[in-house]
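Participant: So the chains spell out like this:
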Amino acid sequence: MKLWHVRRGTASQFMFMLVVGMLLMLALAAASLGAEVRIVAPVSPVQPNAIAVLPVEGLVDLSTAKVECIPAPTLLFPIKTWDGMTAIFFQAATPGKYSVTVSVNGWRRDLDAAIARIPAQSVKTEVLAELTKAAAAMAAAYPLVHETAALEVAGQLPPPGPVPDPKPDPKPNLKVTKATYVFEKDQTSVPRAVTAALNKISAESSGSIVVAQFDDDVTNGLGTVPAQYKIAIAKAREEGLPALVVQSGDVVTRVVKNPLTEAQVLEALK
Amino acid sequence: MIDPKLIDFIHPEPTGYPDNLSAGDTRDILWDAAGGKDGAAREFPANLWVEPRNWKEFAAETDRLKTWPINFLDRTTNQSPTHECTTHALRAILESAWNRQRNIILGPPRPGQLLDISKTSASVWFSCLSIYAEANPRQWGGAGTRQVIEIAFKRGILPDLIQPVDRKFKHALVGTCGEGNATQSSGKWVPLSKFPDGWKDTARLFRPVEIIFPESWEQIVCLLMHGYGVGVGRKQHSIPYMRWLDDEQVIEYPDSYDIMRYDSVRMIKSAVGGAYAVASMTVPDDWTVLAA
Numbered sequence: 001m002k003l004w005h006v007r008r009g010t011a012s013q014f015m016f017m018l019v020v021g022m023l024l025m026l027a028l029a030a031a032s033l034g035a036e037v038r039i040v041a042p043v044s045p046v047q048p049n050a051i052a053v054l055p056v057e058g059l060v061d062l063s064t065a066k067v068e069c070i071p072a073p074t075l076l077f078p079i080k081t082w083d084g085m086t087a088i089f090f091q092a093a094t095p096g097k098y099s100v101t102v103s104v105n106g107w108r109r110d111l112d113a114a115i116a117r118i119p120a121q122s123v124k125t126e127v128l129a130e131l132t133k134a135a136a137a138m139a140a141a142y143p144l145v146h147e148t149a150a151l152e153v154a155g156q157l158p159p160p161g162p163v164p165d166p167k168p169d170p171k172p173n174l175k176v177t178k179a180t181y182v183f184e185k186d187q188t189s190v191p192r193a194v195t196a197a198l199n200k201i202s203a204e205s206s207g208s209i210v211v212a213q214f215d216d217d218v219t220n221g222l223g224t225v226p227a228q229y230k231i232a233i234a235k236a237r238e239e240g241l242p243a244l245v246v247q248s249g250d251v252v253t254r255v256v257k258n259p260l261t262e263a264q265v266l267e268a269l270k
Numbered sequence: 001m002i003d004p005k006l007i008d009f010i011h012p013e014p015t016g017y018p019d020n021l022s023a024g025d026t027r028d029i030l031w032d033a034a035g036g037k038d039g040a041a042r043e044f045p046a047n048l049w050v051e052p053r054n055w056k057e058f059a060a061e062t063d064r065l066k067t068w069p070i071n072f073l074d075r076t077t078n079q080s081p082t083h084e085c086t087t088h089a090l091r092a093i094l095e096s097a098w099n100r101q102r103n104i105i106l107g108p109p110r111p112g113q114l115l116d117i118s119k120t121s122a123s124v125w126f127s128c129l130s131i132y133a134e135a136n137p138r139q140w141g142g143a144g145t146r147q148v149i150e151i152a153f154k155r156g157i158l159p160d161l162i163q164p165v166d167r168k169f170k171h172a173l174v175g176t177c178g179e180g181n182a183t184q185s186s187g188k189w190v191p192l193s194k195f196p197d198g199w200k201d202t203a204r205l206f207r208p209v210e211i212i213f214p215e216s217w218e219q220i221v222c223l224l225m226h227g228y229g230v231g232v233g234r235k236q237h238s239i240p241y242m243r244w245l246d247d248e249q250v251i252e253y254p255d256s257y258d259i260m261r262y263d264s265v266r267m268i269k270s271a272v273g274g275a276y277a278v279a280s281m282t283v284p285d286d287w288t289v290l291a292a
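So the sequence lines, in the order shown, correspond to chains A and B. Residue numbering for the first sequence follows the working numbering, starting at 1 and increasing by one per position. Residue numbering for the second sequence follows the working numbering, starting at 1 and increasing by one per position.
It is possible that some hints are incorrect.
Claimed, not checked - Within a straight-line C-alpha distance of at most 27 Å, the following computed DSS-like cross-link-like pairs (lysine-lysine) qualify:
1) A/LYS175 - A/LYS235
2) B/LYS170 - B/LYS200
3) A/LYS97 - B/LYS66
4) B/LYS5 - B/LYS235
5) B/LYS119 - A/LYS175
6) A/LYS230 - B/LYS154
7) A/LYS230 - B/LYS168
8) A/LYS97 - A/LYS80
9) B/LYS66 - A/LYS200
10) B/LYS170 - B/LYS188
11) A/LYS200 - B/LYS56
12) B/LYS37 - B/LYS154
13) B/LYS200 - A/LYS230
14) B/LYS56 - A/LYS66
Claimed, not checked - Which residues of chain B face chain A? A partial, calculated answer using Cβ under 8 Å:
15) LEU48
16) THR62
17) LEU65
18) THR120
19) GLY227
20) ALA279
Quick caveat, the hints were computed from the structure, so don't treat them as lab data. For clarity, every value in this text was computed on a predicted model and none was experimentally measured. Where is the CB? At the ideal position from N, CA and C, for every residue including glycine.
Turn these sequences into a full structure, and let the hints steer you where they fit.
Facilitator: Set out below in structure tokens:
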């Protein structure tokens, strides 16, 4: 590749050097690639705001890898310890399930985008062709690698400010007869863990606890609110959607706002 | 390991979704058939999107929780040798949606067999013929997806004569003019004019009220991940997609011949155009008293 054939003092030279720089970075990324990439996530849930260190096996350097997490946590960044271990620092305040992904040679994506942005008229055709060919060869030699690991943040955060005195349950011994998950379909979907938990409740109660999940605009065959769910829907809207409404007959015994886990649902019916 | 003969299967005989009907099942036409935005038609909800790089993990969790559409289905059907395929696909999508709303995990079904759990559930089995008889009064030649969606959306579907539990429905209809099985009644052709008097009062209890029309094969997989079965038509046959198998990169479906089959990504991509998912149905005033 005859890099010195680009005319000096032109904008194309800058773009050219940018692309060359990225190719070098790609080569560095290639040096990071070990045999197989594996993120070692904790098996037990971590506490909210606790820092979890997730070792990453198979990589000697995370500086050229992309680290992402769904949903976004409070803190997420790659580190390298004094003894050379590569790892990811993770911290999240909100309980729930998180999915951390490491992408190696993610720079290849950026390189492809950089090449696409080079104005065709500013670089000689043969130079652009050689650059593209070289980038494609390196991309083929060092393919994109993804590794994803899941971890859970457990527990419940204390509410801000003074904790109000809990209101005594007026009828603590009422038998649960209904558990209804009401949501707004344009904003959220039903967590699978909630579906599974409600099914478990129904099965373990031999169907004596009627469970269901639907959008708050649900109707019966006549276009009106189903009679058996008028109370649950009204209460869920009052408390804020999505919500799990637990009843004993027509009496609402508990409302859980936005339950996400099986444990939260099962706890609500104790 | 999946038997390769079950993957991307193409029926040698007509099943009821010929090219002249499938050509008319474009997304725009299906959208209108579902009543448009003011009716039941919905765009794919953004909150259902799952990044493809996360599918493996998401699918594994869905396996553990048993919340695939197939897990909400407790029977298969058999249309042989009729041309009722679009209505058999529709009934699977509707039954799965009904049970998902009711939070009953029953399946996957055992082809042609009655599950013990069905006898104690609130599962309702729908009659394919109750839709097909109106979609194609000539009986042979099949029906388009737009027709069956429009009929179901406008007036609902009748229960099958066979139910897992005797619910004493005021109106019910034979399930199919095909072979049927232990969980689907079979009988002679019943024209629309011969439906039982007052049948609409029962059919309207079982009506889809929200139908999502995906625009890509990835959206189809995302819908499955969240428990929504997806009806599709491809290679002159209509089927209900029910589970994504990430390791094999195929979608599993109960074919309306009492057998489970699979479509590869190549086949799935060809089926996007006329795809639909029933996100919600009407809910009765009382689950224990469903009779009109």
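Participant: It remains to establish, for every hint, whether it holds in the given structure.
Facilitator: To see whether the hints hold, each was checked on the structure:
no.: 1; hint: A/LYS175 - A/LYS235; in the structure: 19 Å, holds
no.: 2; hint: B/LYS170 - B/LYS200; in the structure: 11 Å, holds
no.: 3; hint: A/LYS97 - B/LYS66; in the structure: 18 Å, holds
no.: 4; hint: B/LYS5 - B/LYS235; in the structure: 16 Å, holds
no.: 5; hint: B/LYS119 - A/LYS175; in the structure: 25 Å, holds
no.: 6; hint: A/LYS230 - B/LYS154; in the structure: 24 Å, holds
no.: 7; hint: A/LYS230 - B/LYS168; in the structure: 25 Å, holds
no.: 8; hint: A/LYS97 - A/LYS80; in the structure: 25 Å, holds
no.: 9; hint: B/LYS66 - A/LYS200; in the structure: 11 Å, holds
no.: 10; hint: B/LYS170 - B/LYS188; in the structure: 20 Å, holds
no.: 11; hint: A/LYS200 - B/LYS56; in the structure: 25 Å, holds
no.: 12; hint: B/LYS37 - B/LYS154; in the structure: 14 Å, holds
no.: 13; hint: B/LYS200 - A/LYS230; in the structure: 25 Å, holds
no.: 14; hint: B/LYS56 - A/LYS66; in the structure: 19 Å, holds
no.: 15; hint: LEU48; in the structure: 5 Å, holds
no.: 16; hint: THR62; in the structure: 6 Å, holds
no.: 17; hint: LEU65; in the structure: 4 Å, holds
no.: 18; hint: THR120; in the structure: 6 Å, holds
no.: 19; hint: GLY227; in the structure: 7 Å, holds
no.: 20; hint: ALA279; in the structure: 7 Å, holds
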